[in-house]
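Between the sequences and the hints, there should be enough to build the whole structure, so can you do that?
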Amino acid sequence: MFKRIPNYIKYIFTHLIFLFAYIFFFRILFYFLFSELDNIAISEVRKGFFLGARFDLKLAVITIFPIAILVLITNYNFFSKKIFKIIANIYFLIGYVILTLFFLFDFGYYDYLNIRLDASSLRFLSNLKISSKVLIESYPIYKGLIGLLLLCVAVFWFSKFIYNSFTTQKTLITNKIKSLYFIVTFLILSFGIYNSFTHYPLRWSQAFF
7 MFKRIPNYIK YIFTHLIFLF AYIFFFRILF YFLFSELDNI AISEVRKGFF
57 LGARFDLKLA VITIFPIAIL VLITNYNFFS KKIFKIIANI YFLIGYVILT
107 LFFLFDFGYY DYLNIRLDAS SLRFLSNLKI SSKVLIESYP IYKGLIGLLL
157 LCVAVFWFSK FIYNSFTTQK TLITNKIKSL YFIVTFLILS FGIYNSFTHY
207 PLRWSQAFF
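Taking my numbering, the leading residue of the sequence shown gets 7, the next gets one more, and so forth.
Hints listed in this document are in silico derivations from the structure and should not be mistaken for laboratory results. There are no misleading hints in this set.
Computed cross-link-like contacts, DMTMM-like style, restricted to lysine to aspartate or glutamate with a CA-CA straight-line distance of at most 20 Å:
id, residue 1, residue 2
1, K64, D112
2, K139, D117
3, K53, E42
4, K64, D124
5, K139, D112
6, K149, D117
7, K149, D112
In structure tokens, the structure reads:
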């Protein structure tokens with residue numbers, strides 16, 4: 007059954023799984039480094055992780071959604087033209103870097119003020135000179151830049167590896183089946199963003215919890 011699934015569909019969900027795991031890793035990291043939940047009931051911690059995982063999945067799907075649409079439209083042609091490989095590698099490189107910077111700023115912001123990164127943090131942009139000075143004096147920025155550069159190399163290599171892994175796999179299917187895969191994949195990804203079986207999607211109150 008799995009072998010019958012087109013390689014471009016496998017490509018989308020392989021990236022989605024790794025993106026979700028990468029984002030969830032930062033949640034675990036935050037829990038062990040900053041959370042201080044020793045006096046909180048285990049049931050609440052579990053609920054927090056469950057809701058957090060849903061938000062992580064939502065973020066992973068939102069991140070991959072644009073490139074997934076491109077893959078679905080081009081289907082097998084996605085692996086036959088070099089331009090798509092370049093687009094995909096650059097896209098995931100930028101995506102992982104943005105996500106990483108977001109979480110690192112979140113960690114630093116929480117370490118500094120004991121609150122999570124939110125819209126109020128934009129006030130620090132009003133005086134970039136002072137904010138930049140505090141940032142450089144308080145955190146290992148230059149070591150972080152080296153780490154970010156290494157991440158870029160790793161992500162670029164990893165993206166190329168996944169792309170090449172599915173290049174030679176091709177299952178002949180009719181246009182009707184292609185349309186079916188397009189619709190089903192689109193609906194699955196859309197549900198990943200909505201992420202709720204109720205009339206309401208994930209809301210701010212759940213994120214606040």
